[in-house]
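S.K.: Going by full-length UniProt numbering, the sequence shown opens with residue 1, and the numbers climb by one from there.
To be clear, the hints were calculated from the coordinates, so they are not data collected in a lab. Incorrect hints may appear among the rest.
With a cut-off of at most 25 Å between alpha-carbon atoms, the simulated DSS-like pairs for lysine-lysine come out as follows [what the hints assert, rightly or not]:
1. Lys142 to Lys174
2. Lys154 to Lys174
3. Lys97 to Lys174
4. Lys154 to Lys77
5. Lys154 to Lys177
6. Lys154 to Lys142
7. Lys97 to Lys142
8. Lys142 to Lys77
9. Lys228 to Lys177
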Amino acid sequence: MRIFDPHIHMTSRTTDDYEAMYAAGVRAVVEPSFWLGQPRTSPASFYDYFDSLLGWEPFRAAQHGIAHHCTLALNPKEANDPRCAPVLDELPRYLVKDGVVAVGEIGYDSMTPAEDAALAAQLQLAADHGLPALVHTPHRDKLAGLRRTLDVVKESALPMDHVLVDHLNETTVKEAKDSGCWLGFSVYPDTKMDEQRMVAILREYGPARVLVNSAADWGRSDPLKTRKVGDLMRAEGFTEDDVDQVLWRNPVAFYGLSGRLDLDLDSEETEATATHEGNSILRGGGPATAPTER
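Using the sequences and the accompanying hints, generate a full structural model.
M.R.: This is the structure:
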């Protein structure tokens, strides 16, 4: 089973997670920029973070046999902080980077006027740079948030089929599907979706344009949830082709809209002697290369 996790925050995960993900079949990830758990006090902290998603994290992933790309944006939560507003002016110089395959996460947290403005501005940036957009739907009032999101997208220059609407559930999936957007589902241990609910949605709506992610971060989450969904799909009678479509081909198709998706790892980056800014990630002298396929 080959797996592409289209939304996971590896900055907050450990080397052990990369090793477990590779063993489970994960060969590619997209890491969206997001809120770090406490307010940033300066736009400069965003730029260091963006640089790490373009440099250090792809290097770290490649050491474990996983291709890493990112999406960059001013996230919805921090769009409400005037201290962070200058990030919107600096984003264009980052959105031209090869490793950036979408603008995101954008969307809504509390559905404020500031979030309206940031969403509209970043949808325009996506259109200007020929990139798709990864849209975060709010954790509260999800259906109202989805409808407001779709209204803003319809008014933008970005086609609906260049938008991935994420964190969907049973209350939002039909309207999102009818809109022509791609459908994203985050599978968590306790919140959002679980494997059983995810498989039920796939049975009802089919695998077309559906992306399943772990959205794993520093909270209670599981970077192997994508594999667990695939295993349950097989146990529930879905074909291997269905599993491959949801866990690999759909993420490749969506992020491939950027024209920047590169799933061939540079052999030099995977060598145990390789370093990034003088850091090899090695501890204890063992090799950091991906394990041999079985």
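S.K.: Work down the list of hints and note, for each, if the structure agrees.
M.R.: Okay, the hints, checked on the actual structure:
1. Under the criterion of a C-alpha separation no larger than 25 Å, the hint pairing lysine 142 with lysine 174 is consistent with the structure, at around 13 Å.
2. A distance of roughly 17 Å separates the Cα atoms of lysine 154 and lysine 174; the hinted pair therefore holds under the 25 Å criterion.
3. Among the hinted pairs, lysine 97 with lysine 174 is inconsistent with the structure: their alpha-carbon atoms are about 34 Å apart, more than 25 Å.
4. Of the pairs offered as hints, the one joining lysine 154 and lysine 77 holds, with about 22 Å between alpha carbons and a cut-off of 25 Å not exceeded.
5. As the CA atoms of lysine 154 and lysine 177 are separated by approximately 14 Å, the hinted pair is consistent with the 25 Å bound.
6. With a CA separation close to 18 Å, the supplied pair lysine 154 and lysine 142 stays within the 25 Å bound.
7. In summary, the hint linking lysine 97 to lysine 142 is not supported, as the alpha carbons are separated by about 32 Å, beyond the 25 Å threshold.
8. For the suggested pair lysine 142 and lysine 77, the alpha carbons sit about 15 Å apart, so the restraint of at most 25 Å is met.
9. In summary, the hint linking lysine 228 to lysine 177 is supported, as the alpha carbons are separated by about 24 Å, within the 25 Å threshold.
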